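Asks: The lines below spell out each chain.
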Amino acid sequence: EAGVAQSPRYKIIEKRQSVAFWCNPISGHATLYWYQQILGQGPKLLIQFQNNGVVDDSQLPKDRFSAERLKGVDSTLKIQPAKLEDSAVYLCASSSQGQVNTEAFFGQGTRLTVV
Amino acid sequence: QKEVEQNSGPLSVPEGAIASLNCTYSDRGSQSFFWYRQYSGKSPELIMFIYSNGDKEDGRFTAQLNKASQYVSLLIRDSQPSDSATYLCAVNRYSSASKIIFGSGTRLSIRP
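Protein chains in written order, with my numbering: chain A, 1 to 115; chain B, 1 to 112.
The reader is advised that the hints may include incorrect statements.
Stated by the list, open to error - In silico DSS-like cross-links for lysine-lysine, where the CA-CA straight-line distance does not exceed 25 angstroms:
#	chain 1	residue 1	chain 2	residue 2
1	A	K44	A	K15
2	A	K15	A	K71
3	A	K78	B	K56
4	A	K44	A	K83
5	A	K11	B	K67
6	B	K99	A	K62
7	A	K83	A	K15
8	B	K67	B	K2
9	A	K44	A	K78
10	B	K2	A	K62
11	A	K83	B	K42
12	B	K67	B	K56
13	A	K62	A	K44
14	A	K44	B	K42
15	A	K11	A	K62
16	A	K11	B	K42
17	B	K67	A	K62
18	B	K99	B	K42
19	B	K67	A	K78
20	B	K2	A	K44
21	B	K67	A	K71
22	B	K99	B	K56
23	B	K99	B	K2
24	A	K15	A	K78
These aren't lab readings, by the way, just hints derived from the structure by calculation. Predicted model, so just to flag it, every value in this text is computed and none were measured.
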């Protein structure tokens with residue numbers, strides 16, 4: 001079974017530029033998560049999709065971050081414009097639907113450096 | 001108050017000893033609980049999950065859950081240098097869909 005795929009692995013941009021990250025979840029997984037992990041901290045949930053609908057985006061900075069999951073499969077997360085404090089690893093995870101003990105499987109992450 | 005709280009450590013344990021990692025959570029509606037291990041520069045990987053009060057054992061790992069006290073712990077027996085990592089506690093606030101919230105993690109160092 002293929003895992004969660006993310007690209008790119010690394011990205012360096014200047015502040016005020018835009019950037020996009022891509023995620024392909026495990027086949028058949030209805031739930032997709034985007035987490036932001038700043039160095040030395042735990043993953044922070046930015047947005048959660050159930051199929052192609054948003055379940056929770058309460059911690060997504062909507063003035064600069066946007067995300068979509070077209071057709072309930074792949075997802076993209078965009079930052080525009082980027083700030084220095086956006087430097088972090090962006091982790092995509094997916095899980096199957098409808099079970100309370102379902103774990104989240106993580107991709108390798110995208111390390112973003114804003115300079 | 002953070003939803004999931006962990007001591008950031010570092011926790012230093014001699015090789016062969018028992019490492020004890022603790023986590024508290026604030027939402028009594030949380031239904032399942034996970035321990036993930038994260039090596040430096042890598043993504044989190046699941047070690048164990050638990051959703052019933054009591055203990056759950058898997059090899060050298062034991063997860064303990066006390067819902068009344070809103071407390072989850074992970075014991076690692078016969079600690080090995082390869083266990084040195086950050087351990088993330090996560091809770092699933094399941095209602096109509098899973099919502100997995102992480103703590104800040106505890107850094108564990110196993111000294112030879």
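Asks: For each hint, tell me whether it holds in the structure or not.
Replies: How the hints compare with the structure:
no., hint, result
1, A:K44 x A:K15, "21 angstroms, holds"
2, A:K15 x A:K71, "31 angstroms, violated"
3, A:K78 x B:K56, "40 angstroms, violated"
4, A:K44 x A:K83, "17 angstroms, holds"
5, A:K11 x B:K67, "42 angstroms, violated"
6, B:K99 x A:K62, "19 angstroms, holds"
7, A:K83 x A:K15, "5 angstroms, holds"
8, B:K67 x B:K2, "17 angstroms, holds"
9, A:K44 x A:K78, "16 angstroms, holds"
10, B:K2 x A:K62, "22 angstroms, holds"
11, A:K83 x B:K42, "24 angstroms, holds"
12, B:K67 x B:K56, "14 angstroms, holds"
13, A:K62 x A:K44, "15 angstroms, holds"
14, A:K44 x B:K42, "16 angstroms, holds"
15, A:K11 x A:K62, "21 angstroms, holds"
16, A:K11 x B:K42, "16 angstroms, holds"
17, B:K67 x A:K62, "35 angstroms, violated"
18, B:K99 x B:K42, "22 angstroms, holds"
19, B:K67 x A:K78, "38 angstroms, violated"
20, B:K2 x A:K44, "12 angstroms, holds"
21, B:K67 x A:K71, "38 angstroms, violated"
22, B:K99 x B:K56, "22 angstroms, holds"
23, B:K99 x B:K2, "15 angstroms, holds"
24, A:K15 x A:K78, "14 angstroms, holds"
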